[in-house]
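Line order of the protein sequences matches chains A and B. Oh and the first sequence: position 177 is 1084 in this note's numbering, straight run, nothing missing. Oh and the second sequence: position 61 is 68 in this note's numbering, straight run, nothing missing.
No lab work stands behind these hints, which were simulated from the structure alone. Any given hint might turn out to be false.
Said to hold, decoys possible - In silico BS3-like cross-links for lysine-lysine, where the CA-CA straight-line distance does not exceed 25 Å:
id, chain 1, residue 1, chain 2, residue 2
1, B, K9, B, K97
2, B, K47, B, K92
3, B, K97, B, K33
4, A, K1173, B, K9
5, B, K47, B, K97
6, A, K1112, A, K943
7, A, K1173, B, K47
8, A, K1112, A, K1173
9, B, K47, A, K1112
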Amino acid sequence: MVIDAGNTAWMIMATALVLLMTPGLALFYGGMVSAKSVLNMMMLNFGAIGVVAVAWSLWGYSLTFGPTWAGGIFGDPSTYFGLNGVSDAESLGAATGVPFLVMVAFQATFAIITVALVSGAVADRTRFGPWLVFVVLWLTFVYAAVAHAVWGGGFASADGAIADALSTPIDFAGGTVVHINAGAAALALALVLGPRLGFGRVAFKPHNMPFVLMGSALLWFGWFGFNAGSEFAADATAGRAFLNTLIAPAAAMLAWCLVERIRDGKPTSLGAASGIVGGLVAITPAAAAVDTFGALATGVVAGTLCALAVTLKYRWRYDDSLDVVGVHLVGGMVGTLMIGFFAHLDEGTTWAPDGALNGLLYGGDLTQLVSQAVVAFLALAVSFTGTAIIAQLLKVTIGFRVSSEVERNSIDIAEHGEAAYEEA
Amino acid sequence: MKLVTAIIQPHRVDEVRAAVEAVGVKGVTVSEAAGYGRQKGHTEVYRGAEYTVDLVPKTRLEILVDDADAAAVTDAIVSAAQTGKIGDGKVWVVPVDDVARVRTGEHGADAL
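Go ahead and model the full structure; you've got the sequences and the hints to work with.
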């Protein structure tokens, strides 16, 4: 393989952008919790960076992208274990001249943000040590399996069973692998850990909205690397993904604020920040597959449905504390399914894997929509079940949740020996 | 001597401070408070969820005065803090046995 300097430079930059999303997420989540649990919240995210980056370099990458193994569920963990002596000819970016290890690092940042996203569902009550154990197990058994299925040559890839039976499902940058996966895991984890003390009675208001807004801005900034980087090249399709990543969240933010204005009387800054993230989530799988109108429509639908979905937790009594289900599961489903309507693969700048078809509004039939739905619900089911098993196992062995005394007083002091805002 | 304590709407603090100063009060202690009276709490909506706010934010003023000034100070507070809406607060007066000024050690009316 001949290394392409331009593409490689862009992928190194994109990797750094995606890594920045996780500290951005820490701010986004940290501002939403109370002043006495903000450090614990941010540490759940930073802890995920530590654990996933290490595990990814040893077995994580190989288990996800190695040659198909274990009946097609995983990649072979021994092939690239430790990542020494790898050949650039086997790089995920071989076709665009990007070296093996750059692609390993790029994919590591996706695994990091995915598991970090889950933590928002269990804010204010999660012990740090068991969370780190959860991260190792979840990366190994859930993330690796879902990512292998979609991107590693598994059943949802261009060579897989869904492509043979219907058409190739489109997940450009991680609507299923990252967002449906994280959202379904968040739902399972919230159910296993149980609600916060006072859930449904007390208003859990954000302690620092400027943190939340800055966090959403950093997420957006990093997301340009996430989506435009998923082209693995600096070309016109990266430009399409880049533009769609700008306009879909903008439309979603406006839609979310409009829903709040009508439903609650006032558009909130939390709604604006959440709308941006909901739009980013929804455009992720579709970033290179839809045209400008498709991106705007995806943003509007995601902003509206996510804003409505975040109230379901009160009706159905699951304490998804920071709305990971409402934003990532719902947004991921919206984006994945909207492709079935808006996929416009002959627009010129768009791109999709071999065997994918145009959506209903661009001359396609129902095939692509059904294919999208199949992969979306499969990812949901696999992630929910796998997460519930891992979480329940940890709950009955080492324990997952702090005592009610710690939850009432301060999880930051009990778990980390610090308070975010010391009086000097 | 008397201690005048007032629980008022936070947004009336400046007006009240000016009003008591105008009737000769030399010092005021102000603190944040939260509570409810006959208005009870109220419901608010945030992110589509309704919840009750049981304790409403208030400001608490404490003023030590001579017996003779208590009525004037009370009236000044009431007229300056009044908006006529529910939740305007209360003012009460209690007798004080002794007051000492820490810096000089003076007692009684001299310490006011």
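Each hint, compared with the structure:
1. K9(B) / K97(B): Roughly 16 Å between the alpha carbons, so the hint for K9(B) and K97(B) holds.
2. K47(B) / K92(B): Roughly 13 Å separates the two Cα atoms, so the pair holds.
3. K97(B) / K33(B): holds (21 Å)
4. K1173(A) / K9(B): Violated, at roughly 46 Å.
5. K47(B) / K97(B): Distance ~14 Å between K47(B) and K97(B) Cα, so the pair holds.
6. K1112(A) / K943(A): holds (13 Å)
7. K1173(A) / K47(B): holds (24 Å)
8. K1112(A) / K1173(A): At roughly 15 Å apart (the allowed maximum being 25 Å), K1173(A) and K1112(A) satisfy the hint.
9. K47(B) / K1112(A): Status holds; Cα separation ~21 Å.
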